Every structure is written in structure tokens, then in C-alpha cells.
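K.L.:
Offset between the sequence shown (1-based) and the numbering used here: plus 283.
If you're looking for bench data, these hints aren't it; they were derived computationally from the structure.
Take the hints with a grain of salt, since some may be wrong.
Claimed, not checked - Cβ pair distances, simulated, as ranges:
1) 461 <-> 402: 40 to 48 angstroms
2) 403 <-> 454: 51 to 59 angstroms
3) 378 <-> 461: 30 to 38 angstroms
4) 460 <-> 315: 46 to 54 angstroms
5) 379 <-> 464: 48 to 56 angstroms
The structure displayed is predicted, hence computed values, not measured ones.
Every residue, glycine too, gets a C-beta built ideally from N, C-alpha and C.
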Amino acid sequence: MQKITLIAIIAAVLALMPFASAAEAYTLEEFTKINPMQAIFLEEGDMLDFPMLDGVHRIRLKEIAQSETSIKINVYPFNNLGASQAQAVPFFGLDNVIRVDLDQDNEDDVLLDIYEIEDRRVTLVVFSAEYYGEGQANNLEPEITGSPEGQGVVQEKKDYSRTFWALGIAVVALAVFLYVRAIEAKEKKHKPKKEKKED
Numbered sequence: 284m285q286k287i288t289l290i291a292i293i294a295a296v297l298a299l300m301p302f303a304s305a306a307e308a309y310t311l312e313e314f315t316k317i318n319p320m321q322a323i324f325l326e327e328g329d330m331l332d333f334p335m336l337d338g339v340h341r342i343r344l345k346e347i348a349q350s351e352t353s354i355k356i357n358v359y360p361f362n363n364l365g366a367s368q369a370q371a372v373p374f375f376g377l378d379n380v381i382r383v384d385l386d387q388d389n390e391d392d393v394l395l396d397i398y399e400i401e402d403r404r405v406t407l408v409v410f411s412a413e414y415y416g417e418g419q420a421n422n423l424e425p426e427i428t429g430s431p432e433g434q435g436v437v438q439e440k441k442d443y444s445r446t447f448w449a450l451g452i453a454v455v456a457l458a459v460f461l462y463v464r465a466i467e468a469k470e471k472k473h474k475p476k477k478e479k480k481e482d
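Required output: the full structure, derived from the provided sequences and hints.
P.N.:
Encoded structure:
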């Protein structure tokens with residue numbers, strides 16, 4: 284039974300590792316009057332960090348609908364402080380603009396819009412609410428950054444694959460260690476006790 288459990292744990296870790304390591308993290312530039320909106324290509328599981336309000340905030344693309352007409356995202360305000368509560372957006376469609384209040388002051392700080400969903404990839408446009416009106420007035424087009432070649436430069440891209448591989452190896456090593464310990468304990472329990480010699 285223990286052997287089967289160990290094999291199942293190792294198989295699960297190895298099966299999940301390609302999915303875990305596929306997620307990418309991107310960082311946008313600071314928003315300004317000249318640069319009030321930015322767009323980026325994201326795939327399922329990808330994370331996007333952006334600076335605003337003297338903090339760094341994170342968006343995680345949780346899921347793309349099979350119909351490719353909507354997505355699910357989580358927004359983590361002030362993620363750099365480590366105590367961020369996720370704001371879930373369970374249904375975010377192509378015809379919606381999501382307004383997010385990052386600092387809970389009842390004023391919109393960032394606007395999110397889906398430009399396109401194609402081939403399981405989302406083009407997400409991020410607007411600074413502060414500069415949104417000026418950007419609309421000047422008909423500014425955002426430069427798209429992200430993974431497809433020739434579509435701009437990624438400001439910062441973090442590869443988590445090494446972390447996930449290390450975590451997977453640690454889990455496998457722990458499972459093997461626990462299995463060996465369980466066998467040793469079982470053998471010790473079943474060993475016949477030596478009788479003491481009487482003088």
C-alpha cells in the first residue's frame with residue numbers, strides 16, 4: 284500500500300510539473316501621461332506585475348473560457364507588501380471593461396480591457412485611470428508586449444521553471460525518505476525480541 288502511494292505521489296508531481304513551469308511573469312513600465320495604457324499577451328496561469336500608487340500590484344490570468352469569449356482573473360493589490368488579498372473577477376468578457384480600486388478609496392485606479400482572445404492567448408490592455416481621459420483624447424494606441432515575437436519588448440520576464448523543478452525534486456525526495464522510514468519502522472516492529480539470559 285505504501286509503495287503504491289509513493290508511486291502515485293511521484294507520478295502526480297512529474298505530471299503537474301510541465302503545467303506549473305509553463306506560467307510566466309511579466310512587469311509593465313510605470314504609467315505616465317505619455318504612456319497611460321499598456322497591453323500584453325498572456326496565457327493561462329501567467330502573471331502580470333505593474334507599479335502604481337507607490338506599490339506593485341499583480342494580475343493572474345486564472346482561466347480562459349473554451350469559447351474564447353471571456354477569462355477569469357485575480358487581482359492582488361500591493362502584492363509587494365506580501366499581505367495582498369485577491370480580488371477575483373470570475374467573468375471578464377470581451378465587451379467588458381473592469382474597473383479596479385486598488386487602495387479601497389472608492390475611486391478607480393486601473394481599468395482592464397480585453398483587446399482579443401485568440402489561440403488560448405489573451406491581449407490584455409491595462410489603463411491607468413488617472414491618465415485614461417488624456418489617452419482617449421489623444422487616441423493613443425498601446426504598444427503590445429509579451430511572448431509573441433515582433434510585438435514589443437517584455438520589460439521583465441521571470442522564469443519559474445527552476446523553482447518548480449526544485450520543488451518537485453524536494454517533494455519526491457521527501458516521499459522517498461518517508462517511505463524508507465516507514466519500512467524501517469515496520470521491520471523494527473516485527474523483529475523478534477532477544478530473550479534476556481538469566482544468571
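K.L.:
Identify every previously stated hint that the structure contradicts and give their numbers, smallest first.
P.N.:
Violated: hints 2 and 3.
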